[in-house]
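Q: The lines below spell out each chain.
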Amino acid sequence: MQPPNHHRPLKQLLADYKHGYSLEQDFYKSPEVYRAEMQQIFLKHWVLAGHTSQLPNAGDYFLFEFDVESVIVVRTKDGSVKAHMNVCRHRGSRVCLEKQGTAQALVCPYHAWTYDLDGSLMGARQMADDFDKSVNGLHPVHLKMVGGLIFISLAENPLSLDTMFADLENVFDLFGFDNMKVAHHQSYAIDANWKLAVENYQECYHCAPSHPEFAKIHAMAGSPAKFQACKESYLASLDAAAASTKTKTRESNAYFDLAEAGDEGYQYGRNPLLQGALSGSHNQGPVAPLLGKLEGYDGGASEFMLGPMSYFLIYDDHMLAYRFTPTSIDTCKGDLYWFVRSDAVEGKDYDKEKLTWLWDVTIKADEEIIVNNQKGVNSHFYAPGRLSDMEYFEQHFLNWYLQAIGSYK
Amino acid sequence: MQPPNHHRPLKQLLADYKHGYSLEQDFYKSPEVYRAEMQQIFLKHWVLAGHTSQLPNAGDYFLFEFDVESVIVVRTKDGSVKAHMNVCRHRGSRVCLEKQGTAQALVCPYHAWTYDLDGSLMGARQMADDFDKSVNGLHPVHLKMVGGLIFISLAENPLSLDTMFADLENVFDLFGFDNMKVAHHQSYAIDANWKLAVENYQECYHCAPSHPEFAKIHAMAGSPAKFQACKESYLASLDAAAASTKTKTRESNAYFDLAEAGDEGYQYGRNPLLQGALSGSHNQGPVAPLLGKLEGYDGGASEFMLGPMSYFLIYDDHMLAYRFTPTSIDTCKGDLYWFVRSDAVEGKDYDKEKLTWLWDVTIKADEEIIVNNQKGVNSHFYAPGRLSDMEYFEQHFLNWYLQAIGSYK
Amino acid sequence: MQPPNHHRPLKQLLADYKHGYSLEQDFYKSPEVYRAEMQQIFLKHWVLAGHTSQLPNAGDYFLFEFDVESVIVVRTKDGSVKAHMNVCRHRGSRVCLEKQGTAQALVCPYHAWTYDLDGSLMGARQMADDFDKSVNGLHPVHLKMVGGLIFISLAENPLSLDTMFADLENVFDLFGFDNMKVAHHQSYAIDANWKLAVENYQECYHCAPSHPEFAKIHAMAGSPAKFQACKESYLASLDAAAASTKTKTRESNAYFDLAEAGDEGYQYGRNPLLQGALSGSHNQGPVAPLLGKLEGYDGGASEFMLGPMSYFLIYDDHMLAYRFTPTSIDTCKGDLYWFVRSDAVEGKDYDKEKLTWLWDVTIKADEEIIVNNQKGVNSHFYAPGRLSDMEYFEQHFLNWYLQAIGSYK
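Residue numbers (our numbering), protein chains in the order written: chain A, 1 to 409; chain B, 1 to 409; chain C, 1 to 409.
Check the hints yourself; a few may be wrong.
No distinction is drawn between identical chains; accordingly, a pair holds when it is met within one copy or between any pair of copies.
Only pairs whose alpha carbons sit at most 27 Å apart, straight line, appear in this in silico DSSO-like list of lysine-lysine [what the hints assert, rightly or not]: (1) K29 - K99; (2) K409 - K11; (3) K133 - K18; (4) K181 - K364; (5) K77 - K364; (6) K29 - K409; (7) K29 - K333; (8) K246 - K409; (9) K133 - K226; (10) K246 - K293; (11) K18 - K226.
FYI, nobody ran anything at the bench for these hints, they're computed from the structure.
Given the sequences, and given the hints that come with them, work out the whole structure.
A: In structure tokens, the structure reads:
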């Protein structure tokens, strides 16, 4: 039994972590740990903010929010996409109040300080003569496009994405990352520390007992031995001569603890669906037109991860994005985006209900799991437990996580 | 006026306590004090978890929950009752999610680790060869039956109940503790520190102004002088020759600060009802068949207390159990159980509404009192006040309490 | 970017404040700062509790509440108004539970300790012989009348109001401060630190963008140059010979950082309405009979402030009172009182809806502004911003505030 004491110092927690086991309670409850996570992870790493299809015209904006932060992502007059902190440089008011909208300029609702869409301060009434507008623009936020996906980093000097781009350009091209649109976006509030949500996403040990719908489609819900056999037979069945096949199936693992210093971690891989399944849907059949340059279904699905908060599952006809962000030390949210090719027409080319069925069901089951995990972790009797062979990827995540917050000062 | 400062250290609070007065504000607000209470009281002392009548068949279980803890109380296949922490030994999930139910085995909903009803780990898929199931059972919780009442202790080495059993066996036999059933159970949420609820229960100084219904039935709501006279005349009226009378009326006080070291505290006594009253009911008449081996009403009611959270009031025809547990430093709950003899039939032998009327009214009044007590105690202007002669038992509770948390390290 | 660290010590925050800028985040978030504010401001300075018109008869009382405090303001049998802490001297219960009511005596609902309306303890049952009732009255609270306005101070030795009275007696007389009644009172909950509400009240830089209704009536919503011109022409237009005009328009500024040591700060001034406006109403016309000894409308409105929480706006026909008090470190409330002369009859002399329209609209807009200000201030990217020329009075408030909490120990 853990004594009902103060939280132990981060240093001691890090020193005491036992490889092969889950984390101690304090990692989920200590304010010091949460501050370290803010500094080392959420104010530093790249995260999916949204997609250009949400910003068709100049002046269109949406907010990306987590914990106490709010970021304005906006299409400027020259057509580019920019991100700014949603904090007025005068007395700090939120500048944009609506989750999304269209504006000629970004006008603070408090004292009407007026910012150009590019973030620069254009007007501020009644300021002293020595007030310098040029250094009072909205705090800029780093932004990179991955096809139409908008990634941002709140770091002063963000991690490099160059290795990732060089490695995966062909993949993005094949799946038409610059030719998609958001068909649906939904937020799921989860009463648990954000790590319990990410850890849940990192392992399929729970898939068979918890996700019967998923387990009917994805081979990875089976035992490692069965999955390995299935994967080998899947790869053997593909036409090795086709260039697109090579692009699709090349594994790329520079994720989490495997990334080079200074680089953002990422991962790409392709895994088989179960016999006969073509996509992640109720009848295992297609639910939207083929993505990008694909010419047919091959019974697999790709995974892509970029940074510690943004995960993608690419079926041949649609793509899922998952993002997990904290709303407080004890609560987080999962955001799901469903993407289809940009020229697909709702009601004709795809039915939103059929498109979203599998993962709406799955994340709702996960939400319940995660919340009950948190409840048990809160007990004085919780102690780190041994991880199974099917949680090797969670172990990678934990390795990386401990290393990431280990450099907190 | 108390300066609006940090909480004072527990040591200083203990040193400064003034006998004959209520506690300082910090005892109700300081996280250090609450941690000390967890360690020295709630994770240590015996508490009523429920009753065997709630578990008629093998596999039946219910949860007993307080603060961050959840305990599974379950009837195993061999018919015995066991208690386990509701925390999976893998990654800590709650194992049982429903307040009560029936199960063949205790299966964690996350990764399907499967525990026998006796708590031992039976199945865990895909674990490494060196994983030892035999040391990964659910954390066991000590459990003792007092008749059909299930008491548990979360301590590693619980306090002894031997003295209590030796002393009160005849009482339990007389009132048929092993021949009762729960006729009704209700939880009352109280927005106040748990001590304000227990302190309220420890004194009848408030009964006359606050509980007119109770005060019409129980002599103890009167002044000490009147009560003493009433008690003497009640005892004189009883047939001293009858063995059952001796059993019923023998006072036994090893409670709180009076218990021997290593023993759990307890108390038993019998007090008169007011002239003509036979039970705690609207018309002061019986509301259920006589309990145990009783052969008639004698115009008294017994009190039994075991550990600092569990209190019993035994009328001749039904028994009340009260349990007060914290849900956080600032909130608690009172649980009330109404017991009747096990062969009594609802609708025929007793009417639930009539049975529960008095104490439902009374605890709802107490809830309001306690919440308003907390509001005042929160003020910078609150200072410990002098206790009255009718709060001598609260003083015993405070003596014990200060001693109990005094050994916190 | 502010590192996601612990709050910095108050001493360092004070040393680092940069004149001409808004406050750092920690001033709004640090518990140490909040404790300093409690001690140096809310448990010390004078604040408007209410008005005698709320207490027509002996035994009438109302509660004034903020943060964890509750004060009983009551008319005693001799007709005077007294204030006591709403904390029983026995075990601390709230004594009065209703926001307002009428009572013969103040009887604690817990154990029936009975206090006279003047606060002295009259009855306490079953206390030991050496219990001294005379030192167990309700904690007294200092109280001063400003006309019919009831001000209280929770300080042991309150700041002096003598200078203020000597200075402004004629003003109170002119506007009939002892001849008003509360026509309406409303509380507005605001999810923000109290200072953001007070700072909002201290400047009219936001009036033009945020309060179109107010800006149509009050000259001060315009630029400083326009306002100055308007004020000069307003003063020139008045009949300088009239004594009442002199009384009305004499500026008096001993507010905030300008008050003498030992004196409570206060301020009085008169400002022009825009051309043709006579009062703060939808059509800029009168909404109630002229106040006090006024004989006509002159197109101006007076402001009066007393202590850091209580603000008054005096139109010629009605008066507004604004009071901002914390309910926690993160939340506060604004209380608005609308006063008319005491013999005005609702429905005949004034219409409540017309009377309250302007400031109900205005404070609701302010509430939204203030909450969005807090959200932005919470960001790691918030940094103190430069104040405008129109926020000179906020600068006075900040100067005073830093000095006030600077003496916290």
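Q: When no copy is named, should K246 and K409 be tagged within, between, both, or neither for a Cα gap of at most 27 Å?
A: Neither: 44 Å inside a chain and 63 Å across chains, both beyond 27 Å.
Q: Measure nothing new, just compare the shortest in-copy and cross-copy C-alpha distances for K246 and K293 to 27 Å and report within, between, both or neither.
A: Intra 14 Å, inter 85 Å, cutoff 27 Å: intra-copy only.
Q: How do K77 and K364 come out at 27 Å by Cα distance, when the copy is not named: within, between, both, or neither?
A: Close neither inside one copy (40 Å) nor across copies (34 Å); limit 27 Å.
Q: How would you classify K29 and K99 at a CA-CA limit of 27 Å: within, between, both, or neither?
A: between (30 Å within a copy, 25 Å between copies)
Q: Which holds for K181 with K364 at a C-alpha limit of 27 Å: within a copy, between copies, both or neither?
A: Answer is within; shortest intra-copy Cα gap is 24 Å, inter-copy 39 Å.
Q: Are the CA atoms of K18 and K226 at most 27 Å apart within a copy, between copies, both, or neither?
A: So K18 and K226 fail the 27 Å test inside a copy (29 Å) and across (66 Å) alike.
Q: Should K133 paired with K226 be assigned to within, between, both, or neither, using CA atoms and 27 Å as the limit?
A: between (64 Å within a copy, 24 Å between copies)
Q: Quick one: K29 to K409, C-alpha cut-off 27 Å, is that within a copy, between copies, both, or neither?
A: Classified as both: same-chain Cα gap 19 Å, cross-chain 21 Å, threshold 27 Å.
Q: Pop the pair K29 and K333 into one bin, within, between, both or neither, using alpha-carbon distances up to 27 Å.
A: both (17 Å within a copy, 24 Å between copies)
Q: Indicate which option fits the pair K409, K11 if close means a Cα-Cα distance not exceeding 27 Å: within, between, both or neither.
A: both (10 Å within a copy, 22 Å between copies)
Q: Regarding K133 and K18, is the shortest C-alpha distance of 27 Å or less found within a copy, between copies, in both, or in neither?
A: This pair counts as between: shortest inter-copy Cα distance 19 Å, intra-copy 53 Å.
When held up to the earlier numbered hints, the structure conflicts with 5, 8, 11 and fits the remainder.
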